[in-house]
Amino acid sequence: MSIQDYSAKQLRDAIASGAVTSVAATAAIFQQIDKLQPSVGAYITTFKDRALASAGEVDRKIAAGEPVGPLAGVPIAIKDNMCTDFGPTTCASKVLESFSAPYNAHVVEQLTAADAVIVGKANMDEFAMGSSTENSGLQKTVNPWDATRVPGGSSGGSAAAVAAKMCYGALGSDTGGSIRQPAGFCGVVGLKPTYGRVSRYGLVAFGSSLDQIGPMTADVTDAALMLNVIAGHDERDSTSLGPDIAPACDYLADIDKPVEGLKIAVATRFNALADEQVQAAIAQALDVYTKLGAEIVEVDMPHFDYAVAAYYVIATAEASSNLARYDGVHYGHRTEKPNDYVEVYSKSREEAFGQEVKRRIMLGTYALSSGYYDAYYLKALKVRNLIRGDFTSVFEKADCIVMPVSPTTAFKIGEKTADPLQMYVADIYTIAANLAGIPGISIPAGFDNDNLPIGLQILTPAFTEAKLLRIAKMLENQTNHHKKHPE
Amino acid sequence: MSDLQYRTIVGLEIHVHLATRTKMFCGCEMAYGVRPNSRVCPVCMGMPGVLPVMNKQAFEYAVLTALALNCSIPSFTKWDRKSYYYPDLPKNYQISQYDLPMSENGFIDIPLESGQVKRIGIIRAHLEEDAGKNTHTLGNFSAVDLNRTGSPLLEIVTEPDMSSPDEVRALAVELQRIVRYLGVSEGDMQKGHMRFEPNINLAITKDGQEYRTPIAEIKNLNSFRALERSVAYETARQLDEFTDRGITMQMGNKSTRGWDDDNQCTVLQREKEEAHDYRYFPDPDLVPVEMDDEWLSRIRADLCEMPIQKQNRFVSEFALSEYDAGVLTQIRSTAELFEQAVALGADPKKACNIITQNFQKIANEKGCTVCELGITPEKIVEMTNMVTIGQISSTSVSSIAVLSVANLSKTLREIAVEHNLIQTSDAGEIEALVDQVIADNPAAVEDVTSGGKKSKKARGFLLGQVMQRSKGQANPKIVAQILAKKLS
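Protein chains in written order, with this note's numbering: chain A, 1 to 487; chain B, 1 to 488.
For the record, the hints were derived by calculation from the structure and aren't laboratory data. Be a bit skeptical, because a hint or two may be false.
As the list claims (entries may be wrong) - The calculated lysine-lysine pairs, modelled on BS3-like cross-linking and capped at a C-alpha distance of 27 Å, are: (1) B:Lys78 x A:Lys379; (2) B:Lys82 x A:Lys382; (3) A:Lys358 x B:Lys82.
Every value quoted in this text rests on a predicted model; they were computed, and no experiment measured them.
Please put together the full structure from these sequences, using the hints given.
Here it is as structure tokens:
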């Protein structure tokens, strides 16, 4: 097996044992980046010199017999909305094209403490707003399986980088499916943890009550390995879960232990909204689970029909406020020649924000305006509670619910850009987990007739990532989808 | 001439800077008068990706103040974002509290000059973060200092229950006394620790009909005097405006006026109340605060007797005058010094005089409190006792006070002895001096005993002679008694 075919876990073990060096693995990754970045475009920024230096430091520690972290020497990519005190943090926006943060995000500190090697910052939809990475203001990313198709979004760069082996694992962020959907489109594993499991400190905010950072990896074990590194309480994030609610946990410990008496909920009415090939893949996966002894429980999710509408009110409302600071006065692009003080604000914002970001700022501003607040924002919060209730009743009957990640496989570049609503509606399967704050995982479940990956989504109750990973691993152990790679 | 009567109606919006060590939502130190932008961090600068974390001390200070203002403290309160674009506000929203403030429905009792007390309602008090400071005097650009950004501010809104400049001032002074008692704020208006914004209008009765003048909100008040005068000025101005032009309150004609201290008048800043839409919504970065009984009672334990209650008690318990009790209770530690001295046996009236007339004067000169001078209750007791038994004269008290502050390690008696300030009350010693003086001054003795119109003057002369021979140390009361006996 060549070094390229190692999973993150295998690479880490090989490096720690001295079988390979981190410098060799890192150099190989940069060879791949040099080869594929021009066509795939997964990265906005790469840190070759810095990465090789970190790799060398890990190799030195190992040679000296010093203890090393759980990601020792493993080349990792991070989405470009996580602050690093090295290189720019652009959020794929012209607004922040020249912004360099003076501090590291919590997850960056965690990766560094785990001796990971950060290779670069991955492309994304501008400010994480989008489902195809076509909204990046700085870079085009294509799907490694088919260069005419999108990698999904908003963590499209991270997904493409993992699929194209331009890193051994990546961090994405998920506000309405931005980890799971691109993972599905690119045939990799994507985990959105419980809201509050991973500190948001240093994650440039989109929808603060929905945003969550998670791993995007080649297999389920790697997702558990990376979650071990990034999860945990952080005092700097008030919404980060304390050890009393979410005690520290080793997600790798029981990863290969199947869940006994597994009950899987399925909402057939809801799943029927997906393409036939997607539905067929889900059905196949359920067969695998049944053969493993799982029981399938039919459920209804009565309020899911309102999830997309509620989400786009809440997420845009929060975004309109979160993005107010990019005004040309404090942060972000400043217009060249304003005629007056108000124009510093209005022109700076008009010039640098992309269409989709402007659309969402306007939607959110409208929803929060006096006289409309009750009809939109408050009502959306009520729907959010109802959706939480839907999940609560589902999880009284089953351990998890299985559904598609997306109604389709990766669509063509440009196919949906003209119709934003069509793009929004495609988020139907992923959004509910963010509204309810529960964890969800996307794992490879087959391929369609065009040889495009199909993702399967599993959702479990809040704080049960360990179980979620075990359920996912049960399927992965029985299939080879995750072992197929793009040409 | 038509019959016209009017009543002034004033409500106050008050901002109190809480004296926490660090800011409301980050760990930056709070400091005044330091280099611009030297007390900032990514969080208070609102950098991309940062998150606020509530300062628990600030919240507890706010609750303590609200309790002192007799407010109810709901068990659930939350944070909201108030959005507006301004250069001194890096996030372009302020973290504040909108519909569920941390306290509401209280009152404050204010002492009036008449000796009466008036109760003013408190609508609510909530916690928020302060903005930075813009400066426009440096050239053809503006500068922003974010040192103040994120400082904890308690906003208190009163009912429009005040009806004169005196009452407005009394409330401000009383609130200052309260926050200083609680130790939650330095309460210095000049430094911006307390900002008062009166909302004022008039209820006018003319020819049996009632009219209301448009409400004006007054800003830029940085002293009690300015606050008081602005209300007086505004009352007169609104009355003139009504009589001249008949303008009355209507929807949207509330105005904002600034106080011009140089010209002692208010100046129009904004004519119409702008239809502000702050797009309030709950801040998703902060969790709501849930107040349980245990936490609340722990905060309540820090509540002390309020100054006005202390003042009233000093009058009734120690028979002090309203004025003396007021002066004594101005500063909590001073009032406590007094109480401790009395508990140790000091005469209340004498202790009050010694503290307010002697030590307070020294403290004022040094710009500190009496306790900070190093004066203990024991010193006060010693001093009152020395006065009571006639060891020192009331005139030498002030000298001894000054000397004792400079020589804290010495007892007052040591100081008095060292500086010959001990009074002689020994009748035998004094009698000997009186005898000498009578023998040496027969003419004066003649004047006294003849009982003519020179008698009073001569008696004074003899007394002076005795005091002079005692080098000022004889107790004048006893000298007079002995003189009277000898010359009768």
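We went through each hint and held it up to the structure:
Taking the CA atoms of lysine 78 of chain B and lysine 379 of chain A, the gap is near 19 Å; set against the 27 Å cutoff, the hint holds. With a CA separation close to 22 Å, the supplied pair lysine 82 of chain B and lysine 382 of chain A stays within the 27 Å bound. A distance of roughly 20 Å separates the Cα atoms of lysine 358 of chain A and lysine 82 of chain B; the hinted pair therefore holds under the 27 Å criterion.
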